[in-house]
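Chemist: Sequence:
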Amino acid sequence: MPELPEVEVTRLSFAGAIAGGKVVSARLGKPLRWPLGVPVEQLVGQTVRGVRRRGKYLLIDLTEGLLLMHLGMSGSVVFGHGLPVAGAHDHFDLKTDRGTLRLNDPRRFGAVVFATAESDPVAQKLLGKLGVEPLGDDFRLDSFRSGLAGRKTAIKQVLLAGDIVVGVGNIYASEALFLSGIRPTSKANRLSRPRVERLHQAIRDVLSRAVEKGGCTLRDFSDANGDAGYFQLEAMVYARAGQPCKICAAEVRQIRQGQRSTFFCPKCQKP
DNA sequence: CACGGATCCTGATGGC
DNA sequence: TGCCATCAGGATCCGT
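Sequential numbering from -19 applies to the first sequence in our numbering.
One or more of the hints may lead you astray.
Pair ranges (Cβ atoms, derived) [said to hold, decoys possible]:
| no. | residue 1 | residue 2 | range |
| --- | --- | --- | --- |
| 1 | Ser99 | Arg170 | 31 to 39 Å |
| 2 | Lys2 | Gly116 | 26 to 34 Å |
| 3 | Ala229 | Pro174 | 23 to 31 Å |
| 4 | Ala229 | Pro251 | 42 to 50 Å |
| 5 | Arg120 | Thr96 | 26 to 34 Å |
DSS-like mimics (lysine-lysine), calculated; alpha carbons at most 25 Å apart, straight line [as the list claims (entries may be wrong)]:
| no. | residue 1 | residue 2 |
| --- | --- | --- |
| 6 | Lys167 | Lys132 |
| 7 | Lys250 | Lys226 |
| 8 | Lys193 | Lys226 |
Keep in mind the hints are simulated off the structure, nothing from the lab. Just so it is clear, CB atoms sit at the ideal spot from N, CA and C, and this is done for glycine as well.
Modelling step: build the complete structure from the supplied sequences, incorporating the hints.
Modeler: In structure tokens:
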């Protein structure tokens, strides 16, 4: 469910409300991808300073340390007072006097990890190799180009790897490549300068537009207040195999790359 | 060190 | 209705 826009929309939906909240209790459900790292009692009494995002991680700053939360493939967050009794897929609750933050994640590819600081090796193991933020000033065309120059793999795979630029997941990778007219199978290091420039711009455009629209709701995305996003209405190629391209009417194709589905228009996107 | 593949887990969906 | 195979928004780990 969550690529950068969904994570950012989620963050925006509860960051203001939880800030300043004092942790009353916390509970863990079934194990997530990694152990929390501290007993939940250690969180009690701490104050939530604020919530940031790095790539697809939510960083929940506490008085002493921070929680790194990842939504994996199927994670979502709810925040509020008087939440229902935790269900089978509610694997983390952080109850504060401003409301309870709850992570629901059926597949449990997500994670909640405690680190004493962002520089803590525990945090750096997760954040250390991440690429630049696509919507920030650090996402420069020249460094993007030199990053791609070192990769012989398909451009789609490079985008997903997240070590050059973060936040582009399976949906937005297909969409950004469509917008820039690049075949997903093209080798990253063979893209011409103008094509890299178009891709650079397309990544920014597609992600920022999705954030504005409130995230993607392809299956079941909703933010911490339960509000759904609308990106699905705008997908140009994702999940549209066999349907006509919205620009040229050619049939949208679906292929597999690294066990993930890729969608593209064979006419609009040149190898 | 860059690459491709296997892997974690549960639920939805479609074919028979 | 049941059973089985396939697929799903992510990212790490491991062998080459």
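Chemist: Are the hints correct? Go through all of them and say.
Modeler: The hints, checked one at a time:
| no. | hint | verdict |
| --- | --- | --- |
| 1 | Ser99 - Arg170: 31 to 39 Å | 38 Å, holds |
| 2 | Lys2 - Gly116: 26 to 34 Å | 31 Å, holds |
| 3 | Ala229 - Pro174: 23 to 31 Å | 25 Å, holds |
| 4 | Ala229 - Pro251: 42 to 50 Å | 20 Å, violated |
| 5 | Arg120 - Thr96: 26 to 34 Å | 32 Å, holds |
| 6 | Lys167 - Lys132 | 6 Å, holds |
| 7 | Lys250 - Lys226 | 16 Å, holds |
| 8 | Lys193 - Lys226 | 20 Å, holds |
Checked against the numbered hints above, the structure breaks only hint 4 and satisfies the rest.
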